[in-house]
Amino acid sequence: MGDALCRLTIREMNRLLRAREVSSRQVTEALLRRIAEVDNKLNAYVTLTQELALEQADAADRRIKNGDKLPPLLGIPLAIKDLICIAGVRTTAGSKILYNFIPPYDATVIRRLKSQGAVFLGKTNLDQFGMGSSTENSYFGSTHNPWDLERTAGGSSGGSAAATAADECIGSLGTDTGGSIRQPASFCSVVGLKPTYGRVSRFGLIAYGSSFDQIGPITKDVTDCAMLAEAIAGWDENDSTSAEVPVPSYARVLDGEVRGLRIGVPREYFAEGLEPEVEDAVRAAIHVLEGLGATAEEVSMPKTDYAIATYYILTTAEASSNLARYDGVRYGYRTSNASDLLSLYRKSRSEGFGEEVKRRIMLGTYVLSAGYYDAYYRKAQQVRMLMAQEFAEVFKKVDVLATPTSPTPPFRLGEKLDDPLKMYLSDIYTISANLAGVTSISVPCAFSSQGLPISIQLTGKAFDEETVLKVAYAYEQQSQVRHRKPPAVPQGDGHGV
Amino acid sequence: MEYEAVIGLEVHAQLLTDSKIFCGCSTRFGGAVNAQTCPICTGMPGVLPVLNRQAVMFLLKAALTFHSKVAPYSRFARKNYFYPDLPKGYQISQYELPLASGGYIEIDTPAGRKKIGLTRIHLEEDAGKLVHGSDTGSQGKSYVDLNRTGVPLLEIVSEPDLRSPEEARQFMQKLKAILLYLEICDGNMEEGSLRCDANISVRPVGSDKLGTKSEVKNMNSFRYVQRALEYEMKRQIEVLEAGGEVVQETRLWDADKGITMPMRSKEEAHDYRYFPEPDLVPIEVKQYGIPDYDARLLTTSPRLADYYEEAVRHAGHPKTVSNWVMGDLLRELKRDGTEIEKCPVSPAALAELIKLVEAGTISGKIAKGVFEEMYRTGKTPAKVVEEQGLVQITDVGQLQATVAEVLTQHPEQVKHYKSGKEQLLAFFVGQVMKATRGKANPKLVNELLREQLNAESRS
Numbered sequence: 001m002g003d004a005l006c007r008l009t010i011r012e013m014n015r016l017l018r019a020r021e022v023s024s025r026q027v028t029e030a031l032l033r034r035i036a037e038v039d040n041k042l043n044a045y046v047t048l049t050q051e052l053a054l055e056q057a058d059a060a061d062r063r064i065k066n067g068d069k070l071p072p073l074l075g076i077p078l079a080i081k082d083l084i085c086i087a088g089v090r091t092t093a094g095s096k097i098l099y100n101f102i103p104p105y106d107a108t109v110i111r112r113l114k115s116q117g118a119v120f121l122g123k124t125n126l127d128q129f130g131m132g133s134s135t136e137n138s139y140f141g142s143t144h145n146p147w148d149l150e151r152t153a154g155g156s157s158g159g160s161a162a163a164t165a166a167d168e169c170i171g172s173l174g175t176d177t178g179g180s181i182r183q184p185a186s187f188c189s190v191v192g193l194k195p196t197y198g199r200v201s202r203f204g205l206i207a208y209g210s211s212f213d214q215i216g217p218i219t220k221d222v223t224d225c226a227m228l229a230e231a232i233a234g235w236d237e238n239d240s241t242s243a244e245v246p247v248p249s250y251a252r253v254l255d256g257e258v259r260g261l262r263i264g265v266p267r268e269y270f271a272e273g274l275e276p277e278v279e280d281a282v283r284a285a286i287h288v289l290e291g292l293g294a295t296a297e298e299v300s301m302p303k304t305d306y307a308i309a310t311y312y313i314l315t316t317a318e319a320s321s322n323l324a325r326y327d328g329v330r331y332g333y334r335t336s337n338a339s340d341l342l343s344l345y346r347k348s349r350s351e352g353f354g355e356e357v358k359r360r361i362m363l364g365t366y367v368l369s370a371g372y373y374d375a376y377y378r379k380a381q382q383v384r385m386l387m388a389q390e391f392a393e394v395f396k397k398v399d400v401l402a403t404p405t406s407p408t409p410p411f412r413l414g415e416k417l418d419d420p421l422k423m424y425l426s427d428i429y430t431i432s433a434n435l436a437g438v439t440s441i442s443v444p445c446a447f448s449s450q451g452l453p454i455s456i457q458l459t460g461k462a463f464d465e466e467t468v469l470k471v472a473y474a475y476e477q478q479s480q481v482r483h484r485k486p487p488a489v490p491q492g493d494g495h496g497v
Numbered sequence: 498m499e500y501e502a503v504i505g506l507e508v509h510a511q512l513l514t515d516s517k518i519f520c521g522c523s524t525r526f527g528g529a530v531n532a533q534t535c536p537i538c539t540g541m542p543g544v545l546p547v548l549n550r551q552a553v554m555f556l557l558k559a560a561l562t563f564h565s566k567v568a569p570y571s572r573f574a575r576k577n578y579f580y581p582d583l584p585k586g587y588q589i590s591q592y593e594l595p596l597a598s599g600g601y602i603e604i605d606t607p608a609g610r611k612k613i614g615l616t617r618i619h620l621e622e623d624a625g626k627l628v629h630g631s632d633t634g635s636q637g638k639s640y641v642d643l644n645r646t647g648v649p650l651l652e653i654v655s656e657p658d659l660r661s662p663e664e665a666r667q668f669m670q671k672l673k674a675i676l677l678y679l680e681i682c683d684g685n686m687e688e689g690s691l692r693c694d695a696n697i698s699v700r701p702v703g704s705d706k707l708g709t710k711s712e713v714k715n716m717n718s719f720r721y722v723q724r725a726l727e728y729e730m731k732r733q734i735e736v737l738e739a740g741g742e743v744v745q746e747t748r749l750w751d752a753d754k755g756i757t758m759p760m761r762s763k764e765e766a767h768d769y770r771y772f773p774e775p776d777l778v779p780i781e782v783k784q785y786g787i788p789d790y791d792a793r794l795l796t797t798s799p800r801l802a803d804y805y806e807e808a809v810r811h812a813g814h815p816k817t818v819s820n821w822v823m824g825d826l827l828r829e830l831k832r833d834g835t836e837i838e839k840c841p842v843s844p845a846a847l848a849e850l851i852k853l854v855e856a857g858t859i860s861g862k863i864a865k866g867v868f869e870e871m872y873r874t875g876k877t878p879a880k881v882v883e884e885q886g887l888v889q890i891t892d893v894g895q896l897q898a899t900v901a902e903v904l905t906q907h908p909e910q911v912k913h914y915k916s917g918k919e920q921l922l923a924f925f926v927g928q929v930m931k932a933t934r935g936k937a938n939p940k941l942v943n944e945l946l947r948e949q950l951n952a953e954s955r956s
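From first to last, the protein sequence lines are chains A and B.
Here this note's numbering is used: position 34 in the first sequence is 34, and no number is missing along the way.
Here this note's numbering is used: position 217 in the second sequence is 714, and no number is missing along the way.
Be a bit skeptical, because a hint or two may be false.
What the hints assert, rightly or not - If you anchor each label on the Cβ, the simulated ranges turn out as follows:
#: 1; chain 1: B; residue 1: Lys852; chain 2: A; residue 2: Ala59; range: 42 to 48 Å
#: 2; chain 1: A; residue 1: Arg412; chain 2: B; residue 2: Pro759; range: 57 to 63 Å
#: 3; chain 1: B; residue 1: Asn531; chain 2: A; residue 2: Tyr372; range: 46 to 52 Å
#: 4; chain 1: A; residue 1: Leu341; chain 2: B; residue 2: Lys754; range: 25 to 31 Å
To be verified - Reference listing, derived: stretches of chain A covered by chain B, where coverage requires no fewer than 3 residues with Cβ under 8 Å from a Cβ of chain B:
#: 5; segment: 94 to 106
#: 6; segment: 308 to 322
#: 7; segment: 329 to 340
#: 8; segment: 368 to 376
Everything labelled a hint here was simulated from the structure, so no lab data went into it.
All C-beta atoms, glycine included, are put in the ideal place defined by N, C-alpha and C.
Start from the sequences, fold in the hints, and give me the full structure.
Structure follows, in structure tokens:
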């Protein structure tokens, strides 16, 4: 029964807790046992917070016993991407440069989850500072895909996606700067939502690209995604870029109803580089929605071609500045052989950052340099505005856009490691939503002939998480994909409870 | 040959805000080392800045005093460089879109009063302080105190309008006096709460060509501003007289030796890679957009201006609030000989009354009476409206009946109206208002009257 407990969704566990059929401690212990069993194969976790988790679980059980008002996430064990600060818990950003950093404060999302009484199992693996698409750029080793251990779990939130898919947690948080929630969710066959920029507070999220980064849920189904999104969303006085837009009840709109809904299918997303199997699966999923009464029409978004170039200019520029604080002076890794101030900086940073991080810092430093700013940074900002306008235009005609999340199913570990450009292209369908600041969700829709996950991505207008969740839910109800469990992980009975 | 100096100053003034510019830490001078810090001002991973409103208000005070133009849209920028007193590796400053630009400060010269132009005024954060080993007894080590990190700085850049070191000193003293009067900076150059750097070049008197300038730093008193610039002026003249060329460089004033010395060139080879700060939203300074007459009247006393601004904060609609304050409110106060601070109607209560009118709950006419009652009794507008049953009648059925009644009672006027005397409409409106004791919605009454009169003429 241990594994059955691990397979619970947030909604199911919430019901069982209320009915007092299970305790939070029971599920938390089952999950910790499962992590001990399978995570040596997956490497989804960087840090386990076993003691904290059991303490929080017991506190939740006491609240349930006292019959207090029970928030939806009370007692639910979650995994948190190691880019989000939890007070007193080591937070590494997946990098050697923060290998020993213990933040003295909670991120706003953590504070909100704590106030609901959620349980934190640990911190999950990622590409350093969120920079990567395969979780191979982690100081703590690569995360493996539970569907095929030879393949990547995606990135940068590969740890959260793998942990969720392999039932090493009930739900999880990831972060998305250019697809880092949606692409790993797609690769691991779980649901991942990138909220609108400004929807979720970034306070306590270690910055990569400040005007792109958003925290969002990675969950086993759309219902859980709605519940977790609702818990973390909303204005925060500590984040000036968070929006004062009220948060509706997301779970309430999940009724399976999509009649009259207009789906846009952007031509540019079904072009060269897209694997035929993925295209077929996504088109089939769109058909399913049409069968439910939605209408689909082809639209054109020609500025999509500029997405990757624009993204890598702007995010690296922001990153080059955001990562300047890791200088070996106040916290984190400091070189042991500095001779003067300059060598302290140079050596601490050269030894502490990974290759991909250094590459992006150099790119960003270059595009902001005197004489290049106008040609690169300013131009890219202008293109970004045009892309946002293109999205605004297309959303006058359609309610959501349906596209693949990734052009391919999960690729092999090591396959793209020596070719950064090839790696960057794996985000081609996800980064536009971050450039435009809109919301986007990835929902599993099929398996390839090799048994690898394929997902459909639904993108909606800014602050319209309701519509993408609604459509995602309607589709999910028609699909059997979510009932399939990864074979690469031991499925047998654990130790029972 | 006789020479004159061309000098421009860049001044940094620490603002006397209660807390730092982007976090809640205290700005008090002289606290225990690193006691006035938090994760935000020490640049921990994941933290974000939130702009201190008071700092912006202080800048606006200065900008208005200096006749500067306040930008309706402004933003912060990151100035990137590495130094241990700068925890984030960048300083949040302003670059392309400063909060204010232009304006001037007047100084007195032997030739009379002179306006020194200002290029720009902006906000930025101060850096921390390094304490080196030799000062602490542990040789070979350096320490950093971040108490000062994030203290708000007003940066004021002058045009190169100063023509002598004496004028530069005068400018600084005048500036200090103004900042003190505004109560936004304590002006202490020795403690560093007021600091200045100078750009200086020399040229033959009568020439309008600019010479090569040097930048002079580390002048931490008014006297040193003058002495350092006198030295630098003399030095540049000597270089030129000897047939040499002035090198563009940064020089440090050494007060003990009474000379300026070039800074090591490595320290000034910076490309700051400015770009807009993505963690802060642009600042929009909104104007009330009320006529000059209103603005002058409302600012006859600071208390009155405060009253007005608070009411606008609650109600919006700056011109409507202005009308109420200048009209009904001041009239009542004048009649009583009462001061605004003793006004029985609070700004929030006035705002509530205005909102009742905006929402259509009561008519503007009824509101006048409600205001008088509020002034007399100190009651809230909602209470007055409720007690006296003044809620505006917007019920179509009820008003239709009253309109019909009025028309029946005045057959003569109806006849005249129909024969073309349409100005009689106002008469009918007046009658309906009378019948409803002023509570009818005037717009609705107008519509219903036209409807019924036209319908009658067709039948």
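Evaluation of the provided hints:
{"no.": "1", "hint": "Lys852/B / Ala59/A: 42 to 48 Å", "in the structure": "holds, 45 Å"}
{"no.": "2", "hint": "Arg412/A / Pro759/B: 57 to 63 Å", "in the structure": "holds, 59 Å"}
{"no.": "3", "hint": "Asn531/B / Tyr372/A: 46 to 52 Å", "in the structure": "violated, 38 Å"}
{"no.": "4", "hint": "Leu341/A / Lys754/B: 25 to 31 Å", "in the structure": "holds, 26 Å"}
{"no.": "5", "hint": "94 to 106", "in the structure": "holds (count 5)"}
{"no.": "6", "hint": "308 to 322", "in the structure": "holds (count 4)"}
{"no.": "7", "hint": "329 to 340", "in the structure": "holds (count 3)"}
{"no.": "8", "hint": "368 to 376", "in the structure": "holds (count 4)"}
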